[in-house]
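Colleague: Protein chains in written order, with our numbering: chain A, 1 to 133; chain B, 134 to 266.
What the hints contain is simulated information worked out from the structure, not anything from laboratory work. A portion of the hints provided could be inaccurate.
[To be verified] Derived lysine to any residue pairs resembling SDA-like cross-links, with alpha carbons at most 25 Å apart:
1. B:Lys196 to B:Asn178
2. B:Lys196 to A:Trp76
3. A:Lys63 to B:Asp217
Keep in mind the model is a prediction, meaning the values are calculated, not measured.
2 protein chains.
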Amino acid sequence: MNDRASPPVTLHVCVTCRRGEEPLEPLQERSGHKMQAALTEAMQNAGAAGIELVPAECLSGCKRSCTVALASPGKWSYVIADLDPARHAGDILAFAKAYAAHPEGVPAWRERPEIVKRSVLARVPPLPQERTA
Amino acid sequence: MNDRASPPVTLHVCVTCRRGEEPLEPLQERSGHKMQAALTEAMQNAGAAGIELVPAECLSGCKRSCTVALASPGKWSYVIADLDPARHAGDILAFAKAYAAHPEGVPAWRERPEIVKRSVLARVPPLPQERTA
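One chain only, chain A, in its complex shape (with noise of 0.2 Å):
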């Protein structure tokens, strides 16, 4: 299943984010929404190649939104929460892109930006079918 040297990275963002009194609509105003342009800019401007950026309703995170998951065939997932997209969207992507470059998807604590390094939420390891090393 790991014959490809470096399986693509599926970042999830979750749309359906909201932070502190954000109203339930319009959905386009809930910083999760937010989160996704961001990335999705992000990405457009410092190159994102082998990282896919998904959608997500609801990475169980709520009481700590924003939230975004990193994934791939083989690797670590993390889930990372307490994100701004003002602030915080180049971070990520820069995570994804070690978390990319790692073949565990474990990347260095000092190659973590400092927000990443203040709030992974959770992480599971790899399936051990999917397993690399």
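Knowing the structure of chain A, use the given hints to seat chain B on it.
Modeller: Coordinates of chain B only, in the frame set by chain A:
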């Protein structure tokens, strides 16, 4: 990738989790190790076809020990926290079975044990290339 009717389910149990003031050593005294033992016993007693228990080192839920994660190709992954090895092994096994039976790994709310309703720390969508629906 999803050509099997029921892909195997992996139940990751964090064996390094410590609850309360538990010491670092010996590892066997940590609640994470006790959770692994309790789940092993529950699976032997109640049966757990298609569910594989796999020890993990840190699911990044340390502040909400004990933690486990459920994952399977093409399904959502779930990280569940706040678990007590003396009380919750049976509930986790019941949820793992409901998870195994659901094609997307998202059991209906009424099928979730109370501890699971309260304690989902995060969830991660299936990879786009593994989605079944």
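Colleague: Given the hinted pair Lys63 (chain A) and Asp217 (chain B), is their alpha-carbon gap at most 25 Å?
Modeller: Holds, at about 22 Å.
Colleague: Given the hint that Lys196 (chain B) pairs with Asn178 (chain B), test it: the Cα-Cα distance must not exceed 25 Å.
Modeller: Status violated; Cα separation ~30 Å.
Colleague: Assess, step by step, whether the Cα of Lys196 (chain B) is no farther than 25 Å from the Cα of Trp76 (chain A), and give holds or violated.
Modeller: Holds, at roughly 20 Å.
Violation of the numbered hints given earlier is confined to hint 1; every other hint is satisfied by the structure.
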